[in-house]
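Chain by chain, the residues run as shown.
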Amino acid sequence: MTGHERAGAFAAALPGASLTSSFGQLTVDVPADAWLDALRRARDDFRLGYFDWLSAYEDTDSVLVVVCHLVALEPVEHLLVRTRVDSEPPSLPSAVSVFRGADWHEREAAEMFGLTFTGHPAPGPLLLPAGFEGHPLRKGFVLAARVARPWPGAKEPGESGSAVRRRRALPPGVPAPGRWGPADPDGGQP
Amino acid sequence: MTVPSPPPAGSRGAIALLAESCTSCMLCARECPDWCIEIDSHTENEPAAGRRPRTRHVLDRFAIDYALCMYCGICIDVCPFDALSWSPELVDPAAGVAGLILERDQLGAFVTGS
Amino acid sequence: MTVDLESPTVGPYRGTVSLDDVRLRVWTYDVGLACCAVEVMAAVLPRLGAAQPVAPLAASPREADVLVVSGTLTDVFAPILRRLLDQLPGRPYVISFGACADSGGPYWDSYSVTKGVDQLVPVDLYVPGCPPRPQALIAALQVVADGLPR
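Chains as they are written, first to last, in the working numbering: chain A, 40 to 229; chain B, 966 to 1079; chain C, 6 to 155.
Bear in mind the hints are in silico, worked out from the structure with no lab data behind them. There may be inaccurate statements among the hints.
Across the chosen pairs, the derived CB separations fall in these ranges [unchecked claim]:
| no. | chain 1 | residue 1 | chain 2 | residue 2 | range |
| --- | --- | --- | --- | --- | --- |
| 1 | C | Asp91 | A | Leu166 | 31 to 41 Å |
| 2 | A | Gly163 | C | Asp91 | 26 to 36 Å |
| 3 | B | Pro973 | A | Asp83 | 36 to 46 Å |
| 4 | A | Leu75 | B | Asp1047 | 25 to 35 Å |
| 5 | B | Thr1008 | C | Arg30 | 32 to 42 Å |
| 6 | A | Ala187 | B | Glu1011 | 34 to 44 Å |
Some chain C residues judged to face chain A by a derived CB distance under 8 Å, without partners named [stated by the list, open to error]:
| no. | residue |
| --- | --- |
| 7 | Glu68 |
| 8 | Leu90 |
| 9 | Asp91 |
| 10 | Trp113 |
| 11 | Tyr116 |
Just so it is clear, the structure is predicted and the values come from calculations on it, not from any experiment. Every residue, glycine too, gets a C-beta built ideally from N, C-alpha and C.
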């Protein structure tokens, strides 16, 4: 069967799963409570035994989505298995029991997004230094350097130096002064 | 610093500024991902007989901090007046990081071609 | 090799450097952190058909005249670089190679990047570029070979 047929059969075998295709990449969305079952079925019944990577992203409604890239070998077929993590605080069963290689991938996703993978054999930060606060890849994480550094583009044409007449424009990624950072960003200067 | 052998066509060396074409529109400074372009300008009024004066933006300072520049070329792509362009010459190394901030005249020296 | 210098010592300097038979006696050790290291390799490894490298490579940082820090310095790696430099008996020249080593470069706003090697160690020469061409490293080593003041 072709990769598309295999993915379709996989999606049909799981209740609540759906298959989408985008630019030649097949993705099967599964419910979060069927996550481990889906990975196990993919590995055992559908030849998707090569674990490539597992990662996460934050959707536009601030819900975390965990994605796992599995590959069937000989012939090579790719499939993304995806689930939305609706629980609060966000947690998902650890895939290490199905794919040992998911170990470090889950540690990285956990520290970057604030996810908890229950049942992970050795949880803990992978890349971030000890004492790092926050989850850097979440959209709400503010890059302090962009707030602290004056943006050259804040000036209007015809302005120079500190002679800023109008309300300062904010660069992308910098929240309004009252929402993040020091209460008075100009330090009391007029 | 000139490159010894002729670089391939389209080589990205330094970014050159043709100051006469710049209208201080600030687009390059706003689009630069590294925030490495600093522009200062002021407004001048040109009186016109019987009409309201016409305003003109005059460029005072145009500086590129080459310690930050990642040579992406977004500033060149976005300039509506083609004031910025690639030069095959390379930017000289400097003993202090402030020596990598090149001002308008130095950027003008990189301008090549017609 | 033809070298035509207007002001040979303190940078910035303008001149032409021909790569074909440059033999620099500046022992170089590359602290290769990221992509700029590939350009350093292209600069110092033997040219096609040449028997010797363009600039001799020091076997360890202790024997180096020049340390070339090429690539992005992350906050996690910074203590290791500091420890490397603290272990050296002398103080070699430090060349900051590429935008990331100069100032953080394209990652200046990152949560994990040190904004320039000079946050950690005194830098003697800054080479701009992302990445700088191999000719830029040769020119930088030439500046050091000519007696760059500290």
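Taking the hints in turn, this is what the structure says about them:
1. C/Asp91 x A/Leu166: 31 to 41 Å: Roughly 25 Å apart at Cβ, these two residues miss the hinted range, so it is violated.
2. A/Gly163 x C/Asp91: 26 to 36 Å: holds (29 Å)
3. B/Pro973 x A/Asp83: 36 to 46 Å: violated (53 Å)
4. A/Leu75 x B/Asp1047: 25 to 35 Å: 58 Å Cβ-Cβ, so the 25 to 35 Å window is violated.
5. B/Thr1008 x C/Arg30: 32 to 42 Å: Violated, since B/Thr1008 and C/Arg30 (Cβ atoms, about 56 Å apart) do not stay within the stated range.
6. A/Ala187 x B/Glu1011: 34 to 44 Å: holds (40 Å)
7. Glu68: violated (31 Å)
8. Leu90: violated (20 Å)
9. Asp91: Cβ of C/Asp91 sits 19 Å from chain A, so the hint is violated.
10. Trp113: holds (6 Å)
11. Tyr116: holds (5 Å)
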